[in-house]
Structures are given as structure tokens and as C-alpha cells.
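If you read the protein sequences in the order shown, they are chains A and B.
One point on numbering: in the numbering used here, the residue at position 162 of the first sequence is 435, and numbering is uninterrupted.
One point on numbering: in the numbering used here, the residue at position 42 of the second sequence is 80, and numbering is uninterrupted.
None of these hints come from the bench; they were simulated from the model.
Be a bit skeptical, because a hint or two may be false.
[Said to hold, decoys possible] Output of the computed footprint for chain A on chain B, the stretches with three or more beta carbons under 8 angstroms from beta carbons of chain A:
| # | stretch |
| --- | --- |
| 1 | 47-56 |
| 2 | 71-77 |
| 3 | 112-123 |
[Claimed, not checked] Here are a few chain B residues that sit away from chain A, every Cβ distance over 10 angstroms (derived from the structure):
| # | residue |
| --- | --- |
| 4 | S82 |
| 5 | F85 |
| 6 | D135 |
| 7 | L136 |
| 8 | P137 |
Quick caveat: nothing in here was measured; it's all calculated off a predicted structure.
We put the beta carbon where it would ideally sit given N, CA and C, even for glycine.
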Amino acid sequence: MILRAVFAGLLCLGVTVALGWAVLERPAPVENLPERVAAAMPESGVEHPITAVLLNFRSYDTLLEIAVLLLAVVVALALREAQPDRPEQMGLDNPLLRAVMAWLLPLMLVVAGFLLWAGAHQPGGAFQAGSVLAAAGVLLRLAGVTADWLDNAVLVRAGLALGLLTFLGIGMLVMLPGVPFLTYPAAHAGTLILVIELTLTLSIGLTLLSLFRLNPPYADDPDDARAQEAPKP
Amino acid sequence: MSGAISGYLVFAWSGVLLFGLGLFGFIAHRHIVRRLLAFNIMGSGVFLVLVGLAQDGRGVDPVPHAMVITGIVVAVASTALALVVFRRWYRASGRTDLPEDT
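For reference, chain B alone in the conformation it holds in the complex:
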């Protein structure tokens, strides 16, 4: 299997790249909304890796696909919940970062 640069691996590698970009944003930024965005980009990378690796020579594996479709909806809901919490934090403290980060 090694050394094969086949079409289906393009998705998995794009996912890896997105994960790396998201991780950089997550470390480099302190603003909590930027961190949330970075975290979502990391999550999208994970979804792409799961979907990309689910198709190999033997056909499409539906199990990771089913996991990703529920995962996307859960990620949207948890992002909305995080925004609710962040707004409460900002209202309470007037800060856009967490005290442990400074």
C-alpha cells in the first residue's frame, strides 16, 4: 500500500493539512472565537480523513460515513453551545481570552 498516490488519498491528505492549519490557529491565537474557528477547522480535517480513508480498493465503507454525518451535526450544535458560553463569559468578565492563557 505504501507509495501509492492514488486519487482517494487526496481527500485524506487534505484533511491532514486542514488539521495542521487548525492546530496552528488553535495554538497561535488567544481570542476564544478564533480558537473556536480553529477547532472547527481541525474537526473538518478529521471528518475529511475519516471519509477519505473509508474508500479504498474494496469499495466505500459506509460505517465512517455514517459516523461523519452525525458528527457534522453534533459539531454544529456544540459550536453553537460554545458561542452561548463564550458570550456569557464575555458579558460576565469583559474579556475575549481565558485568564490561564496570558
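The shape of chain A in the complex, shown without the other chains:
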């Protein structure tokens, strides 16, 4: 056991030193990407280079990443539903948490909206706004506040798929004039990106929240579960 730890330590030290050396001696990039991005900015429809890369120049990557998120939540749903249903036990009975929620929740919603809007010209965007939305949902869940629509399977699934479907739909709609997939016309690029970001924010928030809700605090231990069914004398 000690030998294993020593061996692992030496290996990791070697990898770390090699990586540090690689960072120091890395070759200079051949392409000047910042310059190319800056040159293409006027036709992107937004003013912030990261948002432009994310949703215009390399939107194919982003589309596939949204698909990965959807896939993760679909797998989690499939695994969850095979388990026996049990009554929900979540919600900390904490008056302080509930009181703070009343202050925090409107603030978080405003921050999410601001981040989404700010993405066009400064750091921000769908991923950040979606994460804030999901955090608000997690806090609500911890405070024991339930929302009936989150138990409506059809509604939740539609919300989960909304972002990817809108992204795909707009990507194919712009093909009508005969341009490649996801090539937005420069005149409407800003509006199209805002619509995509709005639906992505909702879907990302709902995806992260669903993944949290799919891990309810059950007694996982097989022995514990048996002990609950038949209390010991």
C-alpha cells in the first residue's frame, strides 16, 4: 500500500514536471487566432469575442456540447426511473434558509437575466446565466419549496430539449438561402444569437437542476434500507 502511494507520487511528480516543461517550451502558435477573430467580429452580430466564438464562429462545438448535456440528463432519467419510487424527503427545515431565500431569489433571477443580456458585449452569456438559474433552483429545493410543474414529466422534458431544438432549428432555417449549416446572415445574427441564448439559458438551468433533483437523499446503503424496513428491537 505504501509502495503503491510512493510509486504513484513519483509518477505524478514526473508527469507534473514534464507538463510544466512543456508549458515553458511550447511552440509559438502558427495562426494568430486573436487577430482573425477580431477581423471577423463585425459580421458576428455581437461585440464580445468569446460569445462570438461560442455562438457564431464555432457554434457547431456548442451545439454538440448542448447535445452532450441533454444526453447526460436523459441517461440520468433512465437510471432514476428504474429505482423504486419513494416519498420525497428533501428540504432542510431551516427558517433562516427560507428567510434568506426571499432576499436571494429575486437577486439571482436578475443576475441571470443580466448575464444573459451582457453576453453580447462583455463577459456573460447562456452558460453563466443558466448556471445561476440552476443554483437558484437548487437553493429552492434545499429550502423545501416544491414546484408542481417540475414534476410534470412532459413539461420538463420539453424544457430540457428546448435549447437544442431551437439551436438546431435556427441552424437549419438559415440554410434556406443556400448557405451551410449554422451560417447566420450578418444582418440578423445578433437577434438569432439572442434567441438561441435565451432558450439555451432555460435548458441549461433546467438540465443542471434536473441532475440535482435526480440525486435525492435516499438511504443508499443496502443495510440501512433493510434496517428502515424492519426496525431492530
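We have chain A already, so just place chain B on it with the hints.
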């Protein structure tokens, strides 16, 4: 470029250090949740290297930044999925490690 200990390389080297620490945790521990944590630390190291190397003398390169922001959200989602799978494994077998590791 060699020998330059400039400010922007600090982030990349912190990332390298995190990656090494995570790799050690990943090898040294057998508990699957500890391994997941170690794996996430390795991932954070990779993100830091990408973001750190994206800023050199010619300004900030937005392409790795865009990659990292989607990467963070995907990493969170995959961690949650891994936890769902781990809990199913624990419920089914009562074990916290994988049989191949022992």
C-alpha cells in the same frame, strides 16, 4: 519564449500542479467518489492550462476561453451523471470500489 517567467504563465503552471495532484489522488484512492473528486481536480487543471496559455503577448485568444466555459458546464453535468451511476452501483453491490481495483 523559453525561460520567461511571466505573469500569465502562473495560471498555466497552477493548472499543471492541479493536474498532478488530481492524478495522484486518482491513482492512490480506490473509493469511487474520491476518484471522481480527483478526476474533477484534474479537469480543473486542464481548464486552467487552456485559459492560462490563451493569453500571450498578442492578447487574449477567445477560442480556448469559449471551449472552457462550455467545458465547465459539461464537467458539472457529467459529474452529476457519474454520481447517479455510482449510487446505483452502491445500491446494487454495496461496494464503494470497482472489483477490478482490488
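Checked hints:
Interface restraint, the stretch 47-56 of chain B with chain A: holds (5 residues with C-beta to C-beta distance below 8 angstroms; minimum three). Check on the stretch 71-77 of chain B: 0 of its residues sit with their Cβ under 8 angstroms from a Cβ of chain A, so the three-residue criterion for coverage is violated. Requiring three or more residues with a Cβ within less than 8 angstroms of a Cβ of chain A, the coverage given for the stretch 112-123 of chain B holds, as 9 such residues are present. Its beta-carbon lying about 14 angstroms from the closest one in chain A, S82/B satisfies the requirement of being farther than 10 angstroms from that chain.
The claim that F85/B is not at the interface with chain A holds, since no C-beta of that chain comes within 10 angstroms of its own (minimum 13 angstroms). Consistency note on D135/B: stated as away from chain A, and its beta-carbon is indeed over 10 angstroms from all of that chain's, at 14 angstroms minimum. Its beta-carbon lying about 16 angstroms from the closest one in chain A, L136/B satisfies the requirement of being farther than 10 angstroms from that chain. Distance to chain A confirms P137/B as a non-interface residue, since its nearest Cβ pair spans about 16 angstroms, more than 10 angstroms.
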